[in-house]
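Given next are the chains, with one letter for each unit.
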Amino acid sequence: MIRQLMIAQFKTLTREPGVLFWVFGFPIVIAWVLGVAFSGDQVSNHQIGWVGSTERLSQTAGFVAEPGGFRLSGLQPKSEVLIIKVLSPEVALLQLKRGQISLIVTNSPTGLTTQMDLKNQEAKVSFLLLKSGLNPAPSDLTVEEVTSKGSRYVDFLVPGLMALGVMNSCIWGIGWATIELRMKKLLRRMIATPMPPAALLFAQFANRFLISLLELAVLLTFSYAYFDLTIQGSWLALLVLVFAGNLAFAGIAVLMASRTSSTTVGNGLVNLVTMPMMIMSGIFFSYQNFPSWSWPVLSHLPLTLLADGLRSVINEGAGLVDVMSSVAFLVATGLVFGLAGLKSFKWY
Amino acid sequence: MSSPVIELKGVVKTFGDLVACDNLNLSLNPGEYVGLLGPNGAGKTTLVEMIEGVQQPDKGEIRLFGKSWDTDKRHLQSRIGLSFQETRFFDKLTVKETVKLFCSLYGKDTHRLGEILDQVRLGEKQNTWTQDLSGGQRQRLALAIALLNEPEILLLDEPTTGLDPNSRRDIWEILQQIKPQGTTLILTTHYMEEAEALCDRILFMDHGKILADGSLSNLLKQAGLSEVIHFELDRPFEPSTLPSLLSELPFELQDRRLQGKVLVDSVTEVLPVFLGWVQSQGYELKELQSRKMTLDDLFVSMTGRGLEDND
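Note that the protein sequences, when read in sequence, are chains A and B. Under the numbering used here, the first residue of the first sequence is numbered 333, with each subsequent residue one higher. Under the numbering used here, the first residue of the second sequence is numbered 2, with each subsequent residue one higher.
No wet-lab data here; the hints were simulated from the structure. Built from N, CA and C at the ideal position, the CB exists for glycine as well. Do not take every clue at face value.
Looking from chain B toward chain A, a few residues come up when the C-beta cut is under 8 Å (computed) [stated by the list, open to error]:
no., residue
1, V55
2, T72
3, L83
4, K109
5, P181
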């Protein structure tokens, strides 16, 4: 009996090609993508910033000078590489805020001061690598926990989560919801009324925008209360970015939902759209952990544009003008995908 | 004679090799209740959806109130009411909220809301989520939405399929109640009783063609045969031995020719001859039934298959 039940359940699984892909194909794809990011010679690059005299580095065996800084390899484990970027204090701080480097070492007459967020795993690993590279560990190496707003890991994380919220809200609330309407034949019933079809999409979009504003308010309030996170830039820029982000993902959602009436396929489409961006758009860790050839692409993914834009407003004090190119890109993405979706949209 | 509210001329619709509507011509007068009958796959839904403007014909012309879907879409949408097969609504909206939403989509205010809900007898269910409605209640909700804009044409695609006899009768009663308002109704069904109970005019459809068109009594009269004899024998029916009065009749045989059915114009005339033949051939009569002919019998005699059969 158990055997027959198992056989029946196994057959229903294998006869659904979509499910097969998500069970077997998708983990392989993810493994491959993350493998590119974290394996081989590219991937275990740990990037840190160095401010001040570099004499100490050039005198220590193992640190090899290269354009822009130094490289420390031959570490244990062998795949780990520490890249030390020599930067001005201002640039170092900016890169720290953007997650491009995980810590800053300042070489001053009083010694080596490391600024890092002790809650950031990547920073801890980099620090240990540096320490082992400077072997024996210098007695004047001190650690100072970064507490200034905008430079902590939580400052990097929260805007990313906001962007993620906008994406999920649109993909589910417009994309998935439309597929479900079509599946229930409710879409065609609504379209058979004198209502203009555009009204339906507009209502969905307006709803999503309002919901994302609410989400933003909740997340900001929470982050303010718990992490003392405040917005250093312009509120208007923040609103415009969120609007543009909603537009971009609404467009993508319309294209995603333009044909299918099967919720199984719909599920797959949702994953197909959201998963790669969730991993590669630098929500939880900087996309600069991926090979450098992929940066121009990754940095223009809508989720990256939105997350980085929000980070620049919240952490770096950016204003409307500073985020205008991101906004333009997001709006264009929304229009291109949305119009393509409408062109092939199956209303009935 | 008033001008037709619905007019189809040479309408053709194909899906690949399948001809769903084969050069259809049709004209409907105001206030007519028309039953579109046929088995699954006969082309009923395609025909109705073309009239609803949901599908476009490949060839031919469809006019409602003399207007075409190409030029007067919004206008036509506001003057017709419709329900598709098996529409589901927003699971977690109540009946009232759902009707309210559709009122706004039709640009109607909600002062008739209570009246509409009473009309389809959902007054008591108005605060129930649509996911908790029974099949019959859900169909009545679909009917409420079809009626809320006081349509001049009502198009219902299998409004009672899958419902129990009581729920089916509820829907019939609602439709009979609105008849005095002069609404024109097209209703697809594969239930004979439904067409017999509701419709002034019946269209038989099969393989994309309209096979018969007329009132119930007309159709039966046209066939010239009004009664049916059913029989079951102990060994296969042998038509070659039939006497002349019976040999011309349309016998339909089933179950290895043990069972049969024949349409006749007069039972009193045919039955004694038939019984005499049965006796003379030494058959044992296991079952014998005689009754008035129904649309189902007529349909089978025209197409060789029943209305509730699948393709």
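These are the hints, each one checked on the structure:
1. V55: 5 Å, holds
2. T72: Hint on B/T72: violated, closest Cβ of chain A at ~15 Å, above 8 Å.
3. L83: 6 Å, holds
4. K109: 10 Å, violated
5. P181: 26 Å, violated
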